[in-house]
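Start from chain A and add chain B according to the hints.
Each chain, written out:
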Amino acid sequence: MELTTSGVATLRRDPDQAAGDAEAADAALAASGDGRAFERLYRVHVARIHSLARRMIGLDAADDVTQDVFIRAWTKLATFRSEAAFGTWLYRLAVNVILARRTTLGSERGRYDDSESALESAARPAAAPEISMDLEEAMSRLPDGARQVFVLHDLEGYRHEEIAKLLGIVSGTSKSQLHHARMALRKHLE
Amino acid sequence: MSDAWTERLSEYIDETLSEGERVAIEAHLASCAACAATLDELRRVVARARALDDRPPATDLWPGIAIGIGLAPGAHPVASLGQRRARRRLSFTVPELAAAAIALAILSGGAAWLLLRASKAVPMATTATPAPMPMLVNAALSGTDPRYAAAVADLERALEQGRGRLDTATVRVIQKNLSIIDRAIREAQSALAADPGNAYLNLHLAEQMRRKLELLRRANALAGARS
Chain A
1 MELTTSGVAT
11 LRRDPDQAAG
21 DAEAADAALA
31 ASGDGRAFER
41 LYRVHVARIH
51 SLARRMIGLD
61 AADDVTQDVF
71 IRAWTKLATF
81 RSEAAFGTWL
91 YRLAVNVILA
101 RRTTLGSERG
111 RYDDSESALE
121 SAARPAAAPE
131 ISMDLEEAMS
141 RLPDGARQVF
151 VLHDLEGYRH
161 EEIAKLLGIV
171 SGTSKSQLHH
181 ARMALRKHLE
Chain B
191 MSDAWTERLS
201 EYIDETLSEG
211 ERVAIEAHLA
221 SCAACAATLD
231 ELRRVVARAR
241 ALDDRPPATD
251 LWPGIAIGIG
261 LAPGAHPVAS
271 LGQRRARRRL
281 SFTVPELAAA
291 AIALAILSGG
301 AAWLLLRASK
311 AVPMATTATP
321 APMPMLVNAA
331 LSGTDPRYAA
341 AVADLERALE
351 QGRGRLDTAT
361 VRVIQKNLSI
371 IDRAIREAQS
381 ALAADPGNAY
391 LNLHLAEQMR
401 RKLELLRRAN
411 ALAGARS
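For the record, the sequence lines run as chains A and B.
Anchor point for the first sequence: position 66 equals 66 in our numbering, and the numbering is continuous, going up by one each time.
Whatever position you read off the second sequence (first residue = 1), add 190 for our numbering.
By construction, these hints were calculated from the structure, which means they are not laboratory data.
A portion of the hints provided could be inaccurate.
Derived DSBU-like pairs: lysine-lysine, alpha-carbon spacing no greater than 35 Å straight-line [as the list claims (entries may be wrong)]: (1) A/LYS187 - A/LYS76; (2) B/LYS366 - A/LYS76; (3) B/LYS366 - A/LYS165; (4) A/LYS165 - A/LYS187.
Same shape as in the complex, but just chain B:
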């Protein structure tokens, strides 16, 4: 069996040889039983590979994904408002912007109360099912709001204490998504610094901050459930 021909058998199978090479290798195969046998084996490898079945993972990965994208395992997922709003950004009308501004003004009063409530009701690592915490945050206000920072810090501390109860893959997913959200928050704050009156940016920042609180809260709940 010639090594030079053997090396070209895969290309022959894949039909990537030139016409002249193809004719030459076929002439060789007609007279070389060893190369013909190897060709047959290689074809069977390709056929076997193409016939391989896909198998699902041994355990359902959806709960970890749901956490990663801010949805509770088993809960009714909520719409990602940030994505929807991002698409509608250019279609905001003046009345819509005015309505958004009014809504922000109304929410700014409620936000402080909600944040205060939230910081008092920080779920500990042992909390199995924390109460829903509908965070409506005026981003412009809470970008520097110490109560928001305190609530986040409390949740992060609780998560640090409970992380030993989470498997490493889940911890990695949580950390990764926290870093994604943190980056989104920084970018939104930076954009808002240049355009403080932009209603979309305010809403976007509020959404990211809400996502961070929600992710931390769910991670703590998960750690608590595994204690």
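This is chain A alone, in the form it adopts within the complex:
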């Protein structure tokens, strides 16, 4: 509590806490059907959800998947418990939606090329030396499995055991994929 003027005390609130409270309130409003509250939540989280989708399954499908995530979030808001942060709940939902879509896209593309040659291709620097490839572009050239493990572990903070469960692989494979992704990406650091 902070004393401002004589006899007047105000509560000083942590900005993060205030933002969290506002989000929790919007989540409750949205769960009761308030579309404007849901749009506010969308505005706050769309960049992260879209970035996650773009990095996991590519730019082509990112818009579509992002819309799908928010539409599903709307229908599942009643299951959101305010003890957790809304963002955490939404990102978990997004990962599940993206991974479900990944299966479909994998079938459509007819491939999941996690071979050594694909990793080497991702690691190969741009043809013109003056054109430096940024990390995101280099990530997009990784094989699907290595890219997804890299994004989930190094960007989203998932543990190997969680990744293994999500991707239907064993923990050792997740560790191996992560290492090979990092080894491929280190060539694009300059």
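What follows is chain B alone, placed relative to chain A:
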């Protein structure tokens, strides 16, 4: 540089090695410049990845989402009554149920008139801003009401004609949500068959049917606006 050690560098960074492995790899790193250099590069990859900024999509996706959840782009969103009612289901009192039954009885008379009106006023694919269509449907009645089915069929035909003007992502969202709503309608009808007097189920079914009409109407409006 030993491949066997290189393969463990990521685990070393992530601190998932056992104590013995950690001591051994640190001893190796102290004497192997190549592995030490690779370790440094891998650490920079991790740091760069963690520092990546999130970027919003190039175009605003909210209009498509608003359509997907039954809200018009730019319009004042309405409360999703189905969700609110679902939560209140167990708190219905006898007077509330009685009031709901009376309301349903009153609405059943009006519903037929509204449905008839609605079916005559089906917005065509070229309609840019269709008039509001406040559908209040007695679900028990309209579950088999041919006028409701006709209104839906008209809107679906118009949408089929206008779908070429919508981008594929929007079409996918619309189709997906129509299928979700259709499933909800089927489930509600099935539940009502077992419990025809359930006021909540009647309201829920009416809400889903209203949502379907609303979604079709908005999709047609969107297609019309792009013609």
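Against the structure, the hints:
Under the criterion of a C-alpha separation no larger than 35 Å, the hint pairing A/LYS187 with A/LYS76 is inconsistent with the structure, at around 42 Å. A C-alpha spacing of about 16 Å is found between B/LYS366 and A/LYS76, which places the hinted pair at or below 35 Å, so the restraint holds. Between B/LYS366 and A/LYS165 the alpha-carbon distance is near 27 Å, which keeps this suggested pair within the 35 Å criterion. This hinted pair checks out: A/LYS165 and A/LYS187 have alpha carbons roughly 30 Å apart, not beyond 35 Å.
In this structure, only the earlier hint numbered 1 is contradicted, and the remaining ones agree with it.
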